[in-house]
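Visitor: Given chain B, put chains P and G in place with the hints provided.
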Amino acid sequence: MDFLRIEGLTKRFGGVLALDGVDLTVERGEIHSVVGENGAGKSTFLKILSGILKSDGGEVSFEGKRITNEDPGRLFELGISAAFQETSLFDNLSVAENLFLGRLHMHRGAAINRKKSASAARGALASLGLQDIDPGMKVAQLPADTRQMLEILKSVKPNAKVISLDEPTASLTREGVRLLFRLLGRLRESGVSVLYVSHHLDEVIEISDRITVFRDGRKVGTIARREATEGRLHEMMIGRAVSHERARRKSVERSVGEPILRVEGAGDGDRVRDVSFDVHKGEILGITGLVGAGRSELAWMIFGLSRMRSGRITYQGKGLSKITPSSAIREGIFYLPEERRVMGLFLDQNLLVNTTISRLDKVKSGPVIDFPKEKTLAARLFERLGVRYSSFEQTALSLSGGNQQKLLLGKCLFAEPKLLILDEPTKGIDVGSKEEIYGLILSLAGEGMSVLVISSEVEEIVLLSDRVLVVSEGKISGVFTGDDINVHTITACYLKTARDEERGA
Amino acid sequence: MSLRRYFRTYTILFVMLGLFAVMSLAVDNFFTVENFLTVFRNITHTMLLACGLTFVFLGGGFDLSQGATLILTATLLISMSPSSPLFFCAALVLVLAAAAAIGLVNGYLIGIHNLNPFVITLGIRSIVGGVIFVYAAGAVIGASVPSPILEFVGLNRLFGYLPVVVLTWIVAAAACWFVVRHTPFSRRIAVVGSSPAVARFSGLPVKGLSMSTYVINAFLAGLAGVLVAAQTSFITPSLVWYYDFDAITACALGGISLSGGRGSIVNTVLGVLFLGFINNSMILLGLPYPWQLILKGGVLLAAIITDMQSKRNYA
Amino acid sequence: MPERPRAIQRVYALRIVILIAVLVATFSLASRDFFSLRTVEKTFLLIPADGVIAIGVTLVMIIGELDVSVGGTLAVSGLLLVKLLPYGLWAAIAVSLAAGALIGFVNGFIVHRLKVNSLITTVATGFVLSGVAFLLSNQSVGFTNDLLTGFGNRSLWVFPVSTLFYFAVTVLIQAVLKRTIYGVKLYAVGGSRLSSRYTGISVERMGISVFVLCGFCAALGGVLYCARLATASPTFGGDTAIFVITAVLLGGTTLGGGNGDVVRTLLGVILLSLLSKGFTQLQVPAFYQNMAIGAILVILLFAGSKLVNRQ
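Protein chains in written order, with this note's numbering: chain B, 2 to 506; chain P, 26 to 340; chain G, 960 to 1270.
Just chain B, same shape as in the assembly:
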């Protein structure tokens, strides 16, 4: 009898087939990873397994019993749980209360014994090296990596048999990853199975017993750990042989002009300590570094979202002080935020509103909005960007991820910036749209626009940039130009700073 068996699992969102007849079996005491590009269906798969979403077809059975489309509560009783990215923590409750709520199904009676739940919490925290955390502390006060670990702990219930983890290491430090893997090893030894979804292929290869690859909602195949290399996995994920080193597509030498932005000794009193760099006209400057190093934060200073406490910023020869987003946009600077759904788009507004909102003066005639003009300008922009839509009146929410990102780019371009700052421009987007966006960025730079690309994907940075800055702990720890821009050198700089951080910490 199979431990966990999934057959023909299918899920539709509107007209899109997110999962198309997926078959998978998980053995007892196995760490089974699922990898794939963004949009391949991994998260959807986990959400269905944990009862958050209902499937449209297929069967799931556990220890011989059918459990298709059960509620999360019932699945907890059976020993099946999941941890996503911080979606099940209560900020207003304490650590102990959060963990307690994760074990509700095992509790009898109506009352809470605070002492017992506190000591149970301490025990759980210790298993991930967090024994110093006070169980009475409110979750809202914890830093991001501790919260992620707490989220994972919550899913490790006393009666757990199958635990699914969705990108568990996204916010963790290297030490955190080590502790997590230690915990996972112990779980495996005691017969618990783990479904592990991650983008980090190196980690996946390190920890898994078997690895399944998804592509476009289907299972491509399952291989054992000893047969797995990053290259092989990549090939399965993308469907064609890809050299690990992507050739930089700099077929045309672009001429790079004088500096349009000069940052000297800037700091915001928080994450950004002391950064100095230039951006030239028509140049693509890549900025990378660990999460939390201060990359986005330095963009916020330039765009006026946070205050610059020290240093100087000179733009087009003029010193910039008291920047606000609206004054920045007027000057020709625009920022595309990292979380497009939460920070970039008005999800309930239509495409036109989202596109033109930053420069309504361009669609005004007298005191009113010129609707036909607005539609014409937007249509032109959408065509250039390749946005696929059915009507101007549809909401931003109704677009697919890739199209939403293009819409957001459209909003940026509509503001006719001279300096465009992109923060994780291809996060959570399918491969096809990614390529389109890369092409766009390159052609924009070719037309003379200066582009700052902030990204965690080193390959993306390598592909696009004329120069690369590595940011670490609020300072620039490395500058790369020309042939020095390749995955090896930049990743090495990354890792060195990470090790330095660890040692320092």
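Among the hints, a few may not be true.
To be verified - A few chain B residues that don't get close to chain G, going by computed Cβ distances all over 12 Å:
id : residue
1  : Ser51
2  : Glu204
3  : Thr230
4  : Arg310
5  : Phe383
Unchecked claim - DMTMM-like, lysine to aspartate or glutamate: derived pairs with alpha carbons at most 20 Å apart:
id : chain 1 : residue 1 : chain 2 : residue 2
6  : B       : Lys139    : G       : Asp1220
7  : B       : Lys55     : G       : Glu1163
8  : G       : Lys1137   : B       : Asp135
9  : B       : Lys419    : B       : Glu448
In short, the hints are calculated from the structure, not lab data.
Ideal Cβ placement from N, Cα and C applies to all residues, glycine included.
Guide: What follows is chains P and G alone, placed relative to chain B:
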């Protein structure tokens, strides 16, 4: 979004026409010019309040202090009892400025300091209510000498047909419609209501926009107070409490989104009209007061429940 | 690591207690016989009805919703009580409370099953309930029942029996909030609906249960109110919603949900009732009271936003 809005418009129109049909058959004097004019008169203050509230809701806010502002301006105006056109204009400016001032206070606390709109406007409502009582010294406010100007505004009709007050709200509603539908200003307000954070990232002056919705709302409430003063010769300051709920009900009937970002003056106007005709029908039918309340609540419930169901279909 | 609260923040946390003390001091200085046992007793007499209703409203606010139909429920339950008294006191009380719970269930169903905004829903049901009250009787109805009016008016030394009852209920509900699973789940749902889904907590069930409790409390408040006045009237409860919500907000519960408790609400109710009694005692006209309440609300909120730690 647009689809839902049109759906709402046609639904209300349809139901209202149905009401007209039923009422014309049931009661003799329903479908008469006189009766319709009576309804149009009676909805004057609700219309202005609801239009103002549309701006506030569009921006994602809330305002419980409208009624108090209305009573304040009405009380001030009645007691001043302006006798000459000049005096009247001066009095008008004064009371509308007072109303706008209340809006400024609301807007300052809510828009600039980001305090909770419900609580703040609740507090302002109590404070203004207290001010009214102080001014009225608890008594009923009436003019010692009735103001001919106010009477003109209140009772007169232009061309023998159209009451001045009705013309006023038609003009005001039309102006509001124009602003909401066609100006960049209200689009900015709508996106602030949709997401203040994204609006900030888009370079919009979020605080100022938020503030302006409260000022507009208070101004319109003040105007409503002027028209109420014109229609009645005395005012009992204890009537503060019902105006707000009527306006909210009308907006809800019009299907406005309480969380901001979407709203339509057309639907609000229809909501006010619908509510007005319901009230009128109930009186004409001689419906006992208890049943009027029950019906009013029932219609509101039906409107919002069906709104929710349609949202699920179109989302 | 949580910062050590600055001195002024500690003061802010105790703001209600301080305000009560200030009020008592002010009134005592202003009017010689304010600070007397009789006054204390009379003030206490005012609080049970609104206080009990405030308990229900607190629960609803913890979950992030609102209920403004409580005034209507008060009126209806009072009238039901009086009309059914001939059938026996306890039967009448039971029906009255059951009606409150039923009203709460309807509210909860519409809000959580049909997914409608709670403010508008309870505005609408409030209208309907007012109408029903007037249907039950279009004027005040008096009654005589010594047990009931005794409960509503008699005291043990300075403490009216009804007030002790209110204190007891507060203690009970507080225990439920802080020491039971239901309580933790309530704060959880108020804190994040999304996380509740992922944790397997049924938002729908918690939401409906909370409205049922609120309706029950509103009906209980109606019973207490009528017990004190020996009358029931369809006009009762007109100001109740505003008064109670203000009391809960003054106590420190916020509208967003996920925080608050009934002890704080108790302080808020005491504060408001003190104001009312004090002003009456000093023969200060009622309008100043409204202004004072409004001013306190605004100032507290303003100060709060400046002093509370922002993440």
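Visitor: Now tell me if each hint is right for this structure.
Guide: Results of checking the hints against the structure:
no. : hint                     : result
1   : Ser51                    : 8 Å, violated
2   : Glu204                   : 24 Å, holds
3   : Thr230                   : 35 Å, holds
4   : Arg310                   : 18 Å, holds
5   : Phe383                   : 32 Å, holds
6   : Lys139(B) <-> Asp1220(G) : 17 Å, holds
7   : Lys55(B) <-> Glu1163(G)  : 18 Å, holds
8   : Lys1137(G) <-> Asp135(B) : 19 Å, holds
9   : Lys419(B) <-> Glu448(B)  : 10 Å, holds
Taken one by one, the earlier hints fail for this structure only at number 1.
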